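J.: Sequence:
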Amino acid sequence: MQITLVRLDQLRNEPDVNEDRLDNTAAAALALSAREDGLPVRDEDIASAWSGALDAPDADINITSQQLEAVSDYFDIAEVPPHPNTLVQRFGESVDMPEELVTVAHRLLQDAFALDPTVVSGGPSPAATAGGVLSLAALVNGLDDNYEQSALGKVSGTSEVSVRNRCQDLQELLDDRLGNDRYRVVPASQAPDQPSDESQTDSADEEAATAADGAGSDESASGSSGSSGSSSSSGSSGSSGSSGSSGSAGSSGSSSSSGSSSSSGSAGSSGSSSSSTTTADGEAVLETVQSVYPDELPTTTNVAETHDTSEAAAEGALKALADDGAVQRKRAGSVDVWIPAGADENEAALTVDAVETEIDALVEELDIGSSTRLLARGMVSDAVEGADVEDAAELAATTVVAAARMSGGDADIVEVAGLRSFEPRVIAQWLDTLDEAVDADIPRRDPEDIVEDVVAELGLSEAVLSESLRSLDRFDGDVDEFTAAELGAGAVLFAATIGQTQVEVDRLAAVAGAETEYVTSAMHGIVVSLCMALVRGDIEYEDCAWTTELLQSELTPTLGDSETGRAIAIAKAYTAGREGQYVDDQTLDVLRGD
Numbered sequence: 224m225q226i227t228l229v230r231l232d233q234l235r236n237e238p239d240v241n242e243d244r245l246d247n248t249a250a251a252a253l254a255l256s257a258r259e260d261g262l263p264v265r266d267e268d269i270a271s272a273w274s275g276a277l278d279a280p281d282a283d284i285n286i287t288s289q290q291l292e293a294v295s296d297y298f299d300i301a302e303v304p305p306h307p308n309t310l311v312q313r314f315g316e317s318v319d320m321p322e323e324l325v326t327v328a329h330r331l332l333q334d335a336f337a338l339d340p341t342v343v344s345g346g347p348s349p350a351a352t353a354g355g356v357l358s359l360a361a362l363v364n365g366l367d368d369n370y371e372q373s374a375l376g377k378v379s380g381t382s383e384v385s386v387r388n389r390c391q392d393l394q395e396l397l398d399d400r401l402g403n404d405r406y407r408v409v410p411a412s413q414a415p416d417q418p419s420d421e422s423q424t425d426s427a428d429e430e431a432a433t434a435a436d437g438a439g440s441d442e443s444a445s446g447s448s449g450s451s452g453s454s455s456s457s458g459s460s461g462s463s464g465s466s467g468s469s470g471s472a473g474s475s476g477s478s479s480s481s482g483s484s485s486s487s488g489s490a491g492s493s494g495s496s497s498s499s500t501t502t503a504d505g506e507a508v509l510e511t512v513q514s515v516y517p518d519e520l521p522t523t524t525n526v527a528e529t530h531d532t533s534e535a536a537a538e539g540a541l542k543a544l545a546d547d548g549a550v551q552r553k554r555a556g557s558v559d560v561w562i563p564a565g566a567d568e569n570e571a572a573l574t575v576d577a578v579e580t581e582i583d584a585l586v587e588e589l590d591i592g593s594s595t596r597l598l599a600r601g602m603v604s605d606a607v608e609g610a611d612v613e614d615a616a617e618l619a620a621t622t623v624v625a626a627a628r629m630s631g632g633d634a635d636i637v638e639v640a641g642l643r644s645f646e647p648r649v650i651a652q653w654l655d656t657l658d659e660a661v662d663a664d665i666p667r668r669d670p671e672d673i674v675e676d677v678v679a680e681l682g683l684s685e686a687v688l689s690e691s692l693r694s695l696d697r698f699d700g701d702v703d704e705f706t707a708a709e710l711g712a713g714a715v716l717f718a719a720t721i722g723q724t725q726v727e728v729d730r731l732a733a734v735a736g737a738e739t740e741y742v743t744s745a746m747h748g749i750v751v752s753l754c755m756a757l758v759r760g761d762i763e764y765e766d767c768a769w770t771t772e773l774l775q776s777e778l779t780p781t782l783g784d785s786e787t788g789r790a791i792a793i794a795k796a797y798t799a800g801r802e803g804q805y806v807d808d809q810t811l812d813v814l815r816g817d
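By my numbering, the letter at position 350 of the sequence shown is numbered 573, and the numbering carries on one by one without gaps.
In short, the hints are calculated from the structure, not lab data.
As the structure is a prediction and not an experimental result, all values here were calculated from the model.
A virtual CB, placed ideally from N, CA and C, is assigned to each residue, including glycine.
Be a bit skeptical, because a hint or two may be false.
Listed next, with one range per pair, are the computed distances between beta-carbon atoms [as the list claims (entries may be wrong)]:
id, residue 1, residue 2, range
1, E613, A564, 19 to 25 Å
2, Q723, D703, 27 to 33 Å
3, E613, D766, 48 to 54 Å
4, D672, V728, 18 to 24 Å
5, R697, R730, 23 to 29 Å
6, G682, D766, 25 to 31 Å
7, E613, F298, 25 to 31 Å
8, P321, L642, 43 to 49 Å
9, Q652, E680, 22 to 28 Å
10, E659, E613, 17 to 23 Å
No farther apart than 20 Å at their CA atoms in a straight line, the calculated lysine to aspartate or glutamate pairs in the DMTMM-like style are these [said to hold, decoys possible]:
id, residue 1, residue 2
11, K377, D319
12, K553, E538
13, K553, E534
14, K795, E763
15, K795, D761
Based on the sequences and whatever the hints tell you, model everything.
T.: Structure follows, in structure tokens:
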């Protein structure tokens with residue numbers, strides 16, 4: 224929703240967008256966003272809901288392929304994303320799945336969407352979700368050995384890891400509902416229609432209603448046993464000695480394939496075993512790295528999950544391969560990635576993947592909504608130009624902060640930076656770069672906003688507020704030397720200091736979203752700027768509320784470094800009977816030792 228709102232703001236500024244057709248265009252933009260998120264919502268349903276929300280009773284909203292293409296052009300989207308149901312159908316046919324099993328996959332996707340759309344949209348791509356739902360359909364019918372995740376990863380253009388992760392996410396969401404008979408393979412003649420290709424001429428209303436009933440059904444068969452030749456859902460019991468792959472129990476005599484992982488909570492009988500290993504085979508690990516890249520970043524975690532081993536064992540195998548020159552180790556944000564030797568290293572694509580991986584990790588750590596994650600991801604392709612893969616963590620943190628602000632919330636810069644190994648000011652500096660690269664308005668706070676927020680939060684006086692704003696207005700130093708948070712907090716610290724108001728610097732800095740040392744430096748910069756402006760005659764002595772407090776009190780020895788001390792000394796000499804005898808810049812440079 225948030226990314227759609229941002230796009231609508233862009234459309235309103237397009238001179239060739241017909242105001243009379245704005246609702247149709249907006250509905251098409253929402254349909255595009257839904258497709259990008261992998262949400263199985265029909266275009267007709269979006270149009271109908273939009274029409275119903277309008278005041279005009281005769282409003283008729285239509286979403287056509289031409290509109291989708293036109294809106295895609297406005298947003299520089301290379302092509303109209305395929306509908307998620309189209310992807311499921313296409314990938315199922317590519318691995319020769321029977322239509323009955325593809326029908327089950329459609330149901331699984333629709334029911335998952337009815338339960339929690341954020342889980343459906345939470346994957347790396349709609350293609351990965353389509354592959355995952357097909358894998359889950361095969362799994363609950365005991366056909367996972369026939370339709371392996373590696374094959375689905377290949378036809379979906381993702382990877383085995385992505386398909387497996389999506390399958391597990393959806394399996395955990397649907398949980399004991401997977402025992403429902405609606406997910407069992409039935410003859411095609413008995414199966415309800417499923418969403419078709421771009422025309423989407425299916426009976427979606429009936430399917431959506433059925434999906435909602437199935438998603439909330441009390442008929443789930445948790446604890447039921449699968450019939451001979453098929454696999455029961457998560458929570459069902461397999462026969463003695465069987466082992467389940469990807470969290471479900473297989474039928475009598477079945478076993479998990481080599482390298483597959485068994486998720487916690489899988490049901491098997493007493494004595495069942497998984498195929499997990501404690502060491503990683505170097506040749507198999509190299510094959511995994513080569514198969515995953517460049518569609519996905521081969522990380523230590525992904526390799527460990529693929530081979531059902533510990534990260535330490537996976538890293539050991541990867542390091543050995545790096546020592547042999549078979550792979551190259553590269554730092555991508557906060558994780559290590561392993562690039563196959565001789566691979567065509569597309570730095571921009573690598574950076575995009577690394578940033579998106581970091582965004583996903585940060586959003587999970589910060590417990591931020593999926594809409595913010597999607598909005599942050601949407602900015603990456605425009606923002607990575609000129610960025611190195613090593614900058615991934617910084618850029619990801621910045622896009623998350625920007626997306627949170629654009630969504631009407633706020634992510635604490637200090638908290639976000641604290642999750643990674645860089646200072647909050649890095650995010651503030653990257654926000655400038657992001658603001659220029661992305662065609663969207665990122666809410667920014669200027670130093671005056673910071674002053675007002677800090678004074679209100681700390682309960683400081685009106686006198687401190689007024690003096691803080693006055694000092695900012697008179698500051699003529701290098702504003703680019705400090706972030707808005709640092710400069711605003713520095714002004715408050717200056718005003719509180721000369722007004723003999725006790726304030727805890729660390730708390731002041733935290734409220735502003737800055738580091739203490741930079742807030743202190745900003746205050747020193749303000750002191751130097753004001754003193755020099757006084758001596759030059761830019762500020763009249765009588766107009767300075769701070770001269771007595773700053774220059775003739777015991778505060779002076781506690782302020783600043785040597786540069787600040789020299790500036791104060793010059794101002795003191797000037798106020799000792801030489802008021803009105805202004806000093807030129809050249810003389811000031813000599814006096815300051817510049």
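J.: If a hint holds in the structure, say so; if it doesn't, say that too.
T.: Each hint tested on the structure:
At about 20 Å, the beta-carbon gap between E613 and A564 stays in the expected band of 19 to 25 Å. The hinted range of 27 to 33 Å is satisfied by Q723 and D703, whose Cβ atoms lie roughly 32 Å apart. As the Cβ distance of E613 to D766 is approximately 49 Å, the hint placing it in 48 to 54 Å holds. Between D672 and V728 the C-beta distance comes to about 20 Å, which sits within the given range of 18 to 24 Å.
Between R697 and R730 the C-beta distance comes to about 26 Å, which sits within the given range of 23 to 29 Å. The hinted window of 25 to 31 Å between G682 and D766 holds, with their beta carbons roughly 28 Å apart. For the pair E613 and F298, the beta carbons lie near 29 Å from each other, so the given range of 25 to 31 Å is met. Taken as a hint, the range 43 to 49 Å holds for the pair P321 and L642, whose Cβ atoms sit roughly 46 Å apart.
Remark: the range hint 22 to 28 Å for Q652 to E680 is upheld by a beta-carbon distance near 24 Å. Hint check: E659 to E613, Cβ distance near 21 Å, so the stated range 17 to 23 Å holds. Of the supplied pair hints, the one linking K377 and D319 holds, its CA atoms being roughly 14 Å apart against a limit of 20 Å. Restraint check: the Cα-Cα separation between K553 and E538 comes to about 13 Å, which is no more than 20 Å; the hinted pair holds.
Simply put, K553 and E534 have alpha-carbon atoms about 17 Å apart, close enough for the 20 Å limit, and the pair holds. Annotation: proposed proximity of K795 to E763 holds, straight-line Cα distance about 14 Å (limit 20 Å). Distance hint between K795 and D761 is fulfilled; the C-alpha atoms sit about 16 Å from each other, no more than 20 Å.
Violated hints: none; the structure is consistent with every hint.
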